[in-house]
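> The lines below spell out each chain.
2 protein chains.
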Amino acid sequence: MPEKGTFNWAKGFVLDFALSDGMSKTAVSTKRYLAQMKGMFADDAAYAKMLPDNPLVYEFFELGAPENSGDIAFGTSITYPGKVGDEYFMTKGHFHTILETAEVYYGLSGEGFMLIENPEGDTTAHPIAPGKAVYVPKRYAHRSVNTGSVPLTTFFAFRGDAGHNYATIETKGFRKLIVAGVDGKPEITDNPRWGA
Amino acid sequence: MPEKGTFNWAKGFVLDFALSDGMSKTAVSTKRYLAQMKGMFADDAAYAKMLPDNPLVYEFFELGAPENSGDIAFGTSITYPGKVGDEYFMTKGHFHTILETAEVYYGLSGEGFMLIENPEGDTTAHPIAPGKAVYVPKRYAHRSVNTGSVPLTTFFAFRGDAGHNYATIETKGFRKLIVAGVDGKPEITDNPRWGA
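Chains as they are written, first to last, in the numbering used here: chain A, 207 to 402; chain B, 207 to 402.
Extracted from the complex, chain A is given alone in its bound form (with noise of 0.2 Å):
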């Protein structure tokens, strides 16, 4: 077992990923608070009010890959379960850099959404469930969405220079959201902010 941080992408290596959470004992996980979210959420005055208990939304492992379009970077992300207003936790998303490069996220507890749009606005939200891989093709944004009860954790994997352009999201969102309906199921419905 490596210590924290020191991974040999030339050699190999093994790291401890829970199949239960997630969680390494091993490995530092970047975590993203609600204040980390501010205008991603379309209930502004929700946010507001839950700003003061700043809730954990979402962490996951970034080993610092390599950025060579050779190596993988992988690892686990855990979106906690909670709400916005109706608006599930979700990630920030992202765009990779590299735009051409997909990404395959495999799902091992909870259960949501992966929803993903490209620049020309074909936009899918795909089902996350334990034993489920999902694949997000090149171009596509994607997003993962806590439609659940408990921690969605998903193992991921994609090129190691693809590279994260968040900008694009942070400024104009995703054209679709995910909100729990009437009857507390998830609904797919229009970003009314889009591209503001």
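One-sided and incomplete, this derived list gives chain B residues near chain A with beta-carbon spacing under 7 Å:
1) 218
2) 223
3) 277
4) 310
5) 336
6) 339
7) 341
8) 342
9) 343
10) 344
11) 361
Derived from the structure by calculation, the hints contain no laboratory data. No residue lacks a Cβ here, since even glycine has one placed at the ideal position from N, Cα and C.
Guided by the hints, dock chain B onto chain A, whose structure is given.
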């Protein structure tokens, strides 16, 4: 859920791989029986003796990812428990055709090793277990070896255009073997026939 064999790599898709055993109800696996591994185990007499039963040694999923550097091939690999003489059941193993491409394996069930070696002769046996991710670096041939009593199952991901070079290993073998020692525990030994 896509129909068998129809995966939309351009729009994304969801595919089932059971966390318990790696099997898919939707996709079709490629199977490798003992008869397809002639000359790959060290003990020819033990091999010949087992051949009439022709057991299934391993299977894995090939989904037909586009042979493109921006796509990611993925699936599960299942290596069954067993031995030929004192050598554990294993996959054929291969280099990637594009040598400078890595691969990640995430252990779902069972126990064993990911045996790796590069053309210069550097070799390592990385332990595989449930909840352990193994990074196979660029330039390394890799083979799964099941040293336990239940199927060894992994989820894998690599670049869509990496390709498989089986011929080098079929001709030369790996420099190391993994065999049951006199105490029944796995031992890593030199392959006396390597390069022959």
